[in-house]
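Undergrad: With the sequences and hints as input, model every part of the structure.
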Amino acid sequence: MTLLEKLFDGELPRLVMFDLDGTLLDSVPDLAAAIDHMLERLGRPPAGVERVRDWVGNGSLALVRRALAGQLEHTAVDDEQATQALTLFMAAYADNHALTRVYPGVRECLEWLAARDIAMAVVTNKPERFITPLLAEKGLDGYFRWRVGGDTLPRCKPAPDGLLHVLQAAAVEPAQALFIGDSCNDVRAASAAGVQCAALSYGYNHGRPIAEENPALLLDDLRELVASSPTLR
Numbered sequence: 019m020t021l022l023e024k025l026f027d028g029e030l031p032r033l034v035m036f037d038l039d040g041t042l043l044d045s046v047p048d049l050a051a052a053i054d055h056m057l058e059r060l061g062r063p064p065a066g067v068e069r070v071r072d073w074v075g076n077g078s079l080a081l082v083r084r085a086l087a088g089q090l091e092h093t094a095v096d097d098e099q100a101t102q103a104l105t106l107f108m109a110a111y112a113d114n115h116a117l118t119r120v121y122p123g124v125r126e127c128l129e130w131l132a133a134r135d136i137a138m139a140v141v142t143n144k145p146e147r148f149i150t151p152l153l154a155e156k157g158l159d160g161y162f163r164w165r166v167g168g169d170t171l172p173r174c175k176p177a178p179d180g181l182l183h184v185l186q187a188a189a190v191e192p193a194q195a196l197f198i199g200d201s202c203n204d205v206r207a208a209s210a211a212g213v214q215c216a217a218l219s220y221g222y223n224h225g226r227p228i229a230e231e232n233p234a235l236l237l238d239d240l241r242e243l244v245a246s247s248p249t250l251r
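Counting in the working numbering, the sequence shown runs from 19 upward without gaps.
What the hints contain is simulated information worked out from the structure, not anything from laboratory work. In this text, all values refer to a predicted model and were calculated from it rather than measured experimentally. Quick reminder that beta carbons are idealized off the backbone N, C-alpha and C, glycines included. Incorrect hints may appear among the rest.
Pair ranges (Cβ atoms, derived) [said to hold, decoys possible]:
| no. | residue 1 | residue 2 | range |
| --- | --- | --- | --- |
| 1 | R147 | Q99 | 17 to 25 Å |
| 2 | A132 | E58 | 36 to 44 Å |
| 3 | P64 | A189 | 43 to 51 Å |
TA: Below is the structure:
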């Protein structure tokens, strides 16, 4: 029996929803490059990959504001300046995904779920316009029936709206679904939606261990979720 089946009392869920950045894709190198381009255009020093890694997770505007503030706390950043910087960032990031990679184990897990006709969705705080092109570029676009971005609905994670939207579209009860993410926003959104959450240790959680959020499962690799032995069954 797999961890997934144990989590659902010997059954399989009808729906598995995934976060994108830090869960399926390591996108920080490209995000950092776009942020540093933005900062350069504004006459500021670069932030670098490690700092950007801690700032990712609440959508593009929050990322830009954190870069302008040079820290997680960004309430003092001027709104007009943030809007200008966001435009620069979005333009720099739009066609630059060469450094983004699919995490090990992702394809195997998606194949396992697809082979069992389990519906899948992406619920991310990344702007919606980037989701489908990025999935297509990385060869993952065929797996997900529903895709919700950070600007698809009025509220993004940690609000549960994206998950609830997919649940309704899929006609699936929360008890029959799983959300997989890597940050506190993911665990909290799942909890608010009444959905169990599996969290990945390798992602982006503002520099804090995701275990502190007490997800239902803590994984180092997505293959652990669907493996009943050292290899997939």
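Undergrad: For every hint, state whether the structure bears it out.
TA: Hints versus structure:
For R147 paired with Q99, a C-beta distance near 23 Å keeps the hint of 17 to 25 Å intact. Distance hint check: the CB atoms of A132 and E58 are about 42 Å apart, consistent with the given range 36 to 44 Å. Take P64 and A189: their Cβ atoms lie about 47 Å apart, and the range 43 to 51 Å holds.
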